[in-house]
Amino acid sequence: MIRKIYMGVFALLGAANANADWTLNMPKGVTELSAETYEIHMVVFWWCVGIAVVVFGAMIYSIFAHRKSKGAVASNFSHSITAEIIWTVIPVVILLIMAVPSAELLIKLEDTRDPDLTVVVTGYQWKWHYRYQGEDVAFYSSLARASVAARRRGSGIDPETVENYLLEVDKPLVVPKGAKVRILLTSNDVVHSWWVPELAIKKDAVPGFINETWFSADVVGVYRGQCAELSGMDHGYMPIVVEVLEEDVYNEWLDRQKGSPNVAADGDVR
Amino acid sequence: MSTIVADDHDLHVDHSHDGPVKGWRRWVYATNHKDIGTMYLIFSLAMFFSGGLMALIIRTELFTPGLQFIDPAFFNQMTTMHALIMVFGAVMPAFVGLANWMIPLMIGAPDMALPRMNNWSFWILPVAFSILGSTLLMPGGAPASGWTMYPPLVLQTGDAFPFLIFSIHLMGLSSIMGAINVIVTIINMRAPDMTLLKMPMFVWTWLITAYLLLAVMPVLAGAVTMLLTDQFFGTSFFLAAGGGDPVMFQHIFWFFGHPEVYIMILPAFGVVSEIIPTFARKPLFGHDSMVYAASSIAFLSFIVWAHHMFTVGMPLTGQMFFMFATMLIAVPTGVKVFNWTATMWKGSMTFETPMLFSLGFLFLFTIGGFSGLMLAIVPADIQYHDSYFVVAHFHYVLVPGSIFGLMAAVYYWLPKWTGHYYNERQGQIHFWLSTIFVNMTFFPMHFLGLAGMPRRIPDYSTQFSDFNSVASIGAIGFGLSQLLFVYIVYQCAQKKGPKATTAVWDNPQGLEWTVPSPAPYHTFDTPPRITSSTAFS
Numbered sequence: 020m021i022r023k024i025y026m027g028v029f030a031l032l033g034a035a036n037a038n039a040d041w042t043l044n045m046p047k048g049v050t051e052l053s054a055e056t057y058e059i060h061m062v063v064f065w066w067c068v069g070i071a072v073v074v075f076g077a078m079i080y081s082i083f084a085h086r087k088s089k090g091a092v093a094s095n096f097s098h099s100i101t102a103e104i105i106w107t108v109i110p111v112v113i114l115l116i117m118a119v120p121s122a123e124l125l126i127k128l129e130d131t132r133d134p135d136l137t138v139v140v141t142g143y144q145w146k147w148h149y150r151y152q153g154e155d156v157a158f159y160s161s162l163a164r165a166s167v168a169a170r171r172r173g174s175g176i177d178p179e180t181v182e183n184y185l186l187e188v189d190k191p192l193v194v195p196k197g198a199k200v201r202i203l204l205t206s207n208d209v210v211h212s213w214w215v216p217e218l219a220i221k222k223d224a225v226p227g228f229i230n231e232t233w234f235s236a237d238v239v240g241v242y243r244g245q246c247a248e249l250s251g252m253d254h255g256y257m258p259i260v261v262e263v264l265e266e267d268v269y270n271e272w273l274d275r276q277k278g279s280p281n282v283a284a285d286g287d288v289r
Numbered sequence: 037m038s039t040i041v042a043d044d045h046d047l048h049v050d051h052s053h054d055g056p057v058k059g060w061r062r063w064v065y066a067t068n069h070k071d072i073g074t075m076y077l078i079f080s081l082a083m084f085f086s087g088g089l090m091a092l093i094i095r096t097e098l099f100t101p102g103l104q105f106i107d108p109a110f111f112n113q114m115t116t117m118h119a120l121i122m123v124f125g126a127v128m129p130a131f132v133g134l135a136n137w138m139i140p141l142m143i144g145a146p147d148m149a150l151p152r153m154n155n156w157s158f159w160i161l162p163v164a165f166s167i168l169g170s171t172l173l174m175p176g177g178a179p180a181s182g183w184t185m186y187p188p189l190v191l192q193t194g195d196a197f198p199f200l201i202f203s204i205h206l207m208g209l210s211s212i213m214g215a216i217n218v219i220v221t222i223i224n225m226r227a228p229d230m231t232l233l234k235m236p237m238f239v240w241t242w243l244i245t246a247y248l249l250l251a252v253m254p255v256l257a258g259a260v261t262m263l264l265t266d267q268f269f270g271t272s273f274f275l276a277a278g279g280g281d282p283v284m285f286q287h288i289f290w291f292f293g294h295p296e297v298y299i300m301i302l303p304a305f306g307v308v309s310e311i312i313p314t315f316a317r318k319p320l321f322g323h324d325s326m327v328y329a330a331s332s333i334a335f336l337s338f339i340v341w342a343h344h345m346f347t348v349g350m351p352l353t354g355q356m357f358f359m360f361a362t363m364l365i366a367v368p369t370g371v372k373v374f375n376w377t378a379t380m381w382k383g384s385m386t387f388e389t390p391m392l393f394s395l396g397f398l399f400l401f402t403i404g405g406f407s408g409l410m411l412a413i414v415p416a417d418i419q420y421h422d423s424y425f426v427v428a429h430f431h432y433v434l435v436p437g438s439i440f441g442l443m444a445a446v447y448y449w450l451p452k453w454t455g456h457y458y459n460e461r462q463g464q465i466h467f468w469l470s471t472i473f474v475n476m477t478f479f480p481m482h483f484l485g486l487a488g489m490p491r492r493i494p495d496y497s498t499q500f501s502d503f504n505s506v507a508s509i510g511a512i513g514f515g516l517s518q519l520l521f522v523y524i525v526y527q528c529a530q531k532k533g534p535k536a537t538t539a540v541w542d543n544p545q546g547l548e549w550t551v552p553s554p555a556p557y558h559t560f561d562t563p564p565r566i567t568s569s570t571a572f573s
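Sequence order for the protein chains is A and B. So in the working numbering, the last one in the first sequence is 289, and the numbering has no gaps at all. So in the working numbering, the last one in the second sequence is 573, and the numbering has no gaps at all.
Check before you lean on any hint, since a few could be wrong.
As the list claims (entries may be wrong) - Straight line, CA to CA, 25 Å or less: simulated DMTMM-like cross-link-like pairs of lysine to aspartate or glutamate: (1) A/277 x A/187; (2) A/190 x A/237; (3) B/234 x B/561; (4) A/87 x B/281; (5) B/382 x A/103; (6) A/190 x A/155; (7) A/199 x A/129; (8) A/196 x A/253; (9) B/531 x B/460; (10) B/382 x B/324; (11) A/196 x A/51; (12) A/89 x B/542; (13) A/190 x A/265; (14) A/89 x B/281; (15) B/234 x A/271; (16) A/127 x A/187; (17) A/146 x B/388; (18) A/199 x A/103; (19) A/199 x A/262; (20) A/47 x A/135; (21) A/196 x A/135; (22) A/47 x A/187; (23) A/146 x B/324; (24) A/277 x A/266; (25) A/89 x B/388; (26) B/234 x B/107; (27) A/199 x A/55; (28) A/87 x B/502; (29) A/196 x A/265; (30) A/87 x B/542; (31) A/47 x B/107; (32) A/89 x A/129; (33) A/199 x A/253.
Said to hold, decoys possible - Computed footprint of chain B on chain A; a stretch qualifies when at least three of its residues, placed anywhere within it, have a C-beta under 8 Å from a C-beta of chain B: (34) 134-141; (35) 151-160; (36) 263-273.
It is worth saying that the hints were derived from the structure and are not from the lab. Note that beta-carbon positions come from the ideal geometry of N, C-alpha and C, so glycine has one too.
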């Protein structure tokens with residue numbers, strides 16, 4: 020609570036927050052499909068709320084009206100084919116209404132054709148490796164030093180003082196805005212899962228197999244996620260950071276990478 | 037039947053035909069369904085507290101960001117052991133205990149059909165869980181790969197690995213024998229005139245559950261045996277380097293795992309289907325359609341397993357199939373919820389503790405059902421998968437679902453078991469504390485998951501702090517509230533409450549209410565006649 024007030028004061032003063040604030044709902048995200056995912060999440064949610072109002076309403080009414088202490092006398096009915104048919108058919112109709120847009124969106128999510136850029140993402144215990152296909156650029160991405168120092172038991176460092184605690188890496192994945200980025204996923208050891216909520220993608224990295232997914236970010240910015248599949252001791256310490264840049268800035272970044280020693284060392288990895 | 041004859045012979049000398057043998061032999065050599073039922077229930081309660089203690093260790097560590105008490109490796113051991121103990125040690129044996137106690141009483145049978153196997157299926161459990169628990173002391177620690185035991189990670193388990201596999205084999209063996217016993221008893225030992233569709237709902241849901249157990253426990257045994265041979269005998273069922281497929285394990289596991297979730301909830305459906313009519317003073321609405329709904333749920337549970345795996349990289353058509361099949365489960369589940377509501381409608385309700393827990397079940401399980409429907413929608417599930425949203429979902433169906441169902445059952449039948457009422461006021465306090473804290477624990481987890489917090493992590497980024505603190509306080513509150521439950525049950529078992537009548541409640545239906553309270557050691561030596569007050573449809 021104290022933190023919330025503290026954060027609120029900071030927000031009022033217009034100071035930059037060191038850490039993201041708490042939220043209640045799924046982020047709308049920064050891709051067309053993340054917005055559509057949010058949309059479908061909300062549609063299904065409101066259907067559930069609507070059904071809950073009707074069903075819970077009936078239960079609550081019954082609990083208050085049909086109680087013995089109010090002198091209610093029990094009737095003895097126990098069958099009604101009409102009622103049974105109604106409450107079988109109506110849910111089926113509601114489900115069909117939900118199923119159609121879900122299936123349409125799913126088809127789009129799976130359409131990885133014609134990418135502008137392909138990045139091979141390899142999961143390791145416990146970091147990620149990114150290789151830009153056809154670009155001779157590759158590097159590891161591990162938990163940032165500040166978080167590494169603070170995460171140890173008895174480190175004496177308050178996580179609140181660490182910027183983006185556990186959600187910062189030494190070297191983020193950098194992609195251009197608006198490009199269709201295809202992610203090819205595999206793993207070097209155990210199953211990992213690559214999840215960035217604001218890009219609305221999560222896909223498992225399975226050793227010996229290649230999975231694919233894609234995103235196309237519309238907004239320049241930094242987006243953070245984490246490994247989502249339990250991958251051992253430090254599963255909680257292999258965050259994902261994706262930096263979306265304007266295309267020209269991205270190209271400059273890419274050129275700089277090609278000369279870096281990092282590439283010579285890791286370029287051949289997988 | 038032959039057992040009972042033998043007992044009569046042995047005890048002939050001291051003329052105690054009906055009483056149990058004295059001392060430890062009564063329990064170790066137990067063949068009486070009531071004794072075995074009691075042992076199952078006490079064992080599962082002990083496991084509930086062991087698993088609960090582990091949950092509290094997890095929640096204590098997660099109270100604030102940063103690591104304060106335990107290290108990540110031990111944290112993973114706790115999440116794994118918590119789940120294994122709660123699923124296989126608490127919920128499943130508790131329902132088998134209820135089945136042992138109540139099925140013979142509800143169908144008018146003198147005992148379970150296979151009493152010696154019944155003894156064995158119980159006594160395997162303490163052995164299995166001693167083995168599993170002992171892994172905490174082994175080099176490399178307890179299993180830490182989650183209760184789902186996904187390879188290749190599970191193959192990194194230390195010395196505990198073969199013990200994990202062996203204990204799961206034993207638990208499976210126990211469940212299979214329990215299931216066979218339930219099926220044989222229900223099919224062969226019903227009172228004359230009790231046709232299948234006249235059976236009480238609890239008996240029906242247990243019959244369906246037993247078939248599910250028979251179908252899927254061997255599948256789990258096969259899956260873990262393949263893990264064992266991958267680890268020790270050079271096979272490569274799940275290792276890509278040798279031509280295997282890690283994802284195949286997930287398919288086999290969830291082919292077991294999804295029916296497993298219905299194994300844990302169907303008997304609870306049966307329990308509330310018994311309790312709501314009693315306290316609404318009105319027959320269960322749509323008894324036959326409830327049977328068909330439970331059967332449909334059981335059938336569908338076999339064709340939806342891959343909805344646990346929407347992110348593993350399945351073909352589009354596969355994802356579509358599993359999405360639609362999963363959504364379909366909402367229909368029979370809806371039928372059940374509507375029928376319970378219709379049972380209460382225009383009834384004459386009172387709200388004793390069993391009814392309160394049943395109503396808590398009805399509301400909160402339905403919330404878990406709603407999040408289940410949301411999880412069926414693949415594009416949204418891609419966001420929810422392996423996040424705290426999933427943790428919130430399955431705890432809503434398991435804690436205020438299965439566990440509340442169990443609590444309701446215990447309060448409902450406790451006077452029949454002990455011959456005395458529990459303390460009603462304390463029971464109601466237990467209900468309200470449990471309900472408040474269970475929501476405080478698990479409701480904020482929905483928000484955490486949607487905000488992007490993955491499950492099974494020992495530490496988290498600071499924006500997740502507030503809801504984690506709330507959840508931790510709720511968990512500790514819930515855990516402490518259950519001590520009150522133990523106190524209430526203990527007091528009742530000590531015969532502290534008022535003496536219970538034969539009917540116990542206000543004109544409840546069913547054969548169990550025709551025998552005296554407490555139920556004598558041997559009941560229904562001669563099959564009862566089904567009269568209008570004990571008939572169902």
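message: Checking each numbered hint in turn, tell me which of them this model violates, lowest number first.
response: Violated hints (numbers, rising): 4, 8, 14, 15, 16, 17, 18, 23, 26, 28, 31, 32, 33, 34, 35 and 36; every other hint is consistent with the structure.
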